[in-house]
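Trainee: So you can see what is in the structure, the chains are spelled out below.
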Amino acid sequence: MPDEHRKLSSEPFVVSNPVKPNEDPLSEPAQTEELRLVAEKIDQAVKLLTEIGEHVAKIAPKQKRIFDDAKMAISDVSLLLRQTPGGAVSGVHRIVAPMPGVILRCDKKIGNMVKKGDLILILDAMKMENLITAPAAGRVVSLPHGEGKKVAKGAVLAVIG
Amino acid sequence: MAVAVTQKKLGAVAEKLEELHERIHQVKQMGGTAAIAAQKQRGKLTARERLDLLFDPDTFRETDMFMKHRGTMFGIDKVDIAADGVITGFGKVDGRPVAAFAQDFTARAGSLGEMHAKKICKVMDMALKAGIPFVGINDSGGARIQEGVDSLSGFGDIFYRNAVSSGIIPQISAIMGPCAGGAVYSPAMADWVFMVKNTSYMFITGPDVIRAVTGEEVSQEELGGAMTHNSRSGVAHFAAEDDWDCIEQIRKMLSFLPSNNRETAPQVDTGDSRDRIDAALDAIMPDNPKATYDMQHIIRSIMDNGDFFEIQAHFAENMIVGLGRLNGQSIGIVANQPMYLAGCLDVNASDKATRFIRFCDCFNIPLLTIADVPGYLPGTDQEWAGVIRHGAKLLWCYSEATVPKMTLITRKNYGGAYIAMCSRHLGADMTLAWPTAEIAVMGAEGAANVIFRRDIQEAADPDAKRQKIIDDYRKAFYNPYVAASRGYIDAVILPRETRVRLIEILETLSNKRETRPHRKHGNIPL
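For the protein sequence lines, the chains are S and R, in the order given. Under the working numbering, think of the first position of the first sequence as 19, with each following residue one higher. Under the working numbering, think of the first position of the second sequence as 3, with each following residue one higher.
It is possible that some hints are incorrect.
As the list claims (entries may be wrong) - In silico SDA-like pairs for lysine to any residue, Cα to Cα no more than 25 Å straight-line: (1) S:80 <-> S:70; (2) S:167 <-> R:466; (3) S:168 <-> R:468; (4) R:470 <-> S:142; (5) S:126 <-> S:162; (6) S:80 <-> R:381; (7) S:167 <-> R:257; (8) R:70 <-> R:51; (9) S:167 <-> R:290; (10) S:82 <-> S:52; (11) S:171 <-> R:296; (12) R:199 <-> S:162; (13) S:167 <-> R:383; (14) S:171 <-> R:292; (15) R:11 <-> R:28; (16) S:133 <-> R:316; (17) S:168 <-> R:493; (18) S:168 <-> R:341; (19) S:167 <-> R:199; (20) R:42 <-> R:59; (21) S:167 <-> R:233; (22) S:134 <-> R:170; (23) R:470 <-> S:166; (24) R:94 <-> R:170; (25) S:134 <-> R:199; (26) R:30 <-> R:170; (27) S:167 <-> R:468; (28) S:168 <-> R:465; (29) R:522 <-> R:165; (30) S:171 <-> R:382; (31) S:76 <-> S:52; (32) S:127 <-> R:293; (33) S:89 <-> R:459; (34) R:514 <-> R:257; (35) R:199 <-> S:153; (36) R:514 <-> R:480.
Just so you know, the hints here were simulated from the structure itself, not pulled from any lab data.
Take the sequences, apply the hints, and build the full model.
Mentor: Here it is, written out as structure tokens:
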């Protein structure tokens, strides 16, 4: 199970091996043909963005972030498409760094279920250990940065879906 | 009506008395039963019900009930608008006089025309002359278009009075329905803006205009609803659940305030002990100096009965402002919140605190500042948003304020932010610190890298050298005693005795008089 989610995070845009319905209250709904096609297209777009991003990184490293952001935004769309209408998850929540800092400790792993207010990670910033908590209940689907990583203000720290 | 039947039997005088009853009855029908039902359908009270809730029972006295518009264009001359769409008058709130108006959305959508505005202006003039607080309840479709420029003139006359009365009488604005276009600026000039969730909104241009001009799709609630203005824009200060909650909060706000700038706030017997000690405060600070704690606990422990009336709770949450009482006396609290953005200062926190500090200074409400601040928030967005001019307001207004100013330093107090949080240098009358206070120009890590950069680079073991320097710096500055040795801190106290020490200082400063050289007004960086 955790491995499956790990895979989901590194490639959050493909719905591979969807969990069987009713096994998990937050499971993905049965995929319609149209949704599957959209997911495929998103997958292609992300691969393309990754490729371009790598090229750009060599020429203009600062601009690479634009491609990372674009990938993140598209992945949000993909997550939204996979949600049960009116289900337990009402949207994708991206937790962004409220200020520049260093990730001191991750309390949650990808795939963990969280309740609103649960501690996800600690951000060392402004001489303080700031507790970053879940804005809503859901599952941690992405933790883009590891412990010890320096993050800018506005960087995505976690995605709850 | 029964009146018509009995009329023949009445004498001339009795007939006149009866006519008055009939006329009052007519006006009190407001926009008619259908319009009132529609108002209720939206979950809103009528203007008259709102005023009845605001004032003590049977104390509201209406003025200008029979004023009528004199519009002639576009058929408006054939329309009778009860009370011209706004109820004005005065009454008592907790036994003290207050003036108010409430727009009546049931009567032609509470649209504002010449006479509607004149009624509001008359009651504003009375409030200013009498030195009593003024409450405006907004629920209006906007300018009465048929009256053209007369309606605009009405808005202008109200704005002028808002500005002239500012700092002399408390002005409170409640948005309890639509408030759009020019109408938003009277509330914007009041001291406090209350909004009701889901039934009120404020904006300059509405969703339709925005869609036509910029193509953006946005709902009324998202564009200018209660939570938008309470959390995003900072335009509003309170978000009430419904009409009842809103009026209740306004009454609570008024209870903390004097009637005007020449009075002091009423002394209230809160029943809390003057000498109450709270041993829990000794343990509230975490051993790890980087760990967070909730500043609200400290504030509530100090205040009478733990009663703290927070203002703008959803905006710039790194700065807490609000009103409470110390031994029955109203007091304004300004405090950093370490749980949000590490309690740092930024553009919004500076604006929020400044407006509150100046309000307290206007109305003779002493200030208590509780500092735990790591500094100003770094970043291009802050610099480009003008953190220099916004941050300057905080220094400016603390220096300007002449009410008793007390400062308590609980932990961090660094650099420019130390000065800004009502340091002695800005005129604090008394500065207290807990033994956990740290007062320094910058954090140990940063300082070590700046002062001893070369020493660290040239050391045989740079990391060990850096750590030693950091430890030395911590030992030297992470305490209140260096500042105390210079007299920048007046006393280092045990956390448990904070409340009683503050009350003693407040009693000592109760007759404080501070005057400044005469000037027309200062030029605060806005």
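Trainee: Are the hints correct? Go through all of them and say.
Mentor: Results of checking the hints against the structure:
| no. | hint | verdict |
| --- | --- | --- |
| 1 | S:80 <-> S:70 | 14 Å, holds |
| 2 | S:167 <-> R:466 | 22 Å, holds |
| 3 | S:168 <-> R:468 | 20 Å, holds |
| 4 | R:470 <-> S:142 | 21 Å, holds |
| 5 | S:126 <-> S:162 | 12 Å, holds |
| 6 | S:80 <-> R:381 | 16 Å, holds |
| 7 | S:167 <-> R:257 | 50 Å, violated |
| 8 | R:70 <-> R:51 | 22 Å, holds |
| 9 | S:167 <-> R:290 | 22 Å, holds |
| 10 | S:82 <-> S:52 | 31 Å, violated |
| 11 | S:171 <-> R:296 | 23 Å, holds |
| 12 | R:199 <-> S:162 | 36 Å, violated |
| 13 | S:167 <-> R:383 | 22 Å, holds |
| 14 | S:171 <-> R:292 | 19 Å, holds |
| 15 | R:11 <-> R:28 | 22 Å, holds |
| 16 | S:133 <-> R:316 | 22 Å, holds |
| 17 | S:168 <-> R:493 | 39 Å, violated |
| 18 | S:168 <-> R:341 | 20 Å, holds |
| 19 | S:167 <-> R:199 | 40 Å, violated |
| 20 | R:42 <-> R:59 | 22 Å, holds |
| 21 | S:167 <-> R:233 | 30 Å, violated |
| 22 | S:134 <-> R:170 | 45 Å, violated |
| 23 | R:470 <-> S:166 | 22 Å, holds |
| 24 | R:94 <-> R:170 | 19 Å, holds |
| 25 | S:134 <-> R:199 | 22 Å, holds |
| 26 | R:30 <-> R:170 | 33 Å, violated |
| 27 | S:167 <-> R:468 | 21 Å, holds |
| 28 | S:168 <-> R:465 | 19 Å, holds |
| 29 | R:522 <-> R:165 | 15 Å, holds |
| 30 | S:171 <-> R:382 | 10 Å, holds |
| 31 | S:76 <-> S:52 | 37 Å, violated |
| 32 | S:127 <-> R:293 | 22 Å, holds |
| 33 | S:89 <-> R:459 | 41 Å, violated |
| 34 | R:514 <-> R:257 | 23 Å, holds |
| 35 | R:199 <-> S:153 | 21 Å, holds |
| 36 | R:514 <-> R:480 | 33 Å, violated |
Consistency with the previously given hints fails for numbers 7, 10, 12, 17, 19, 21, 22, 26, 31, 33 and 36, ordered from lowest to highest.
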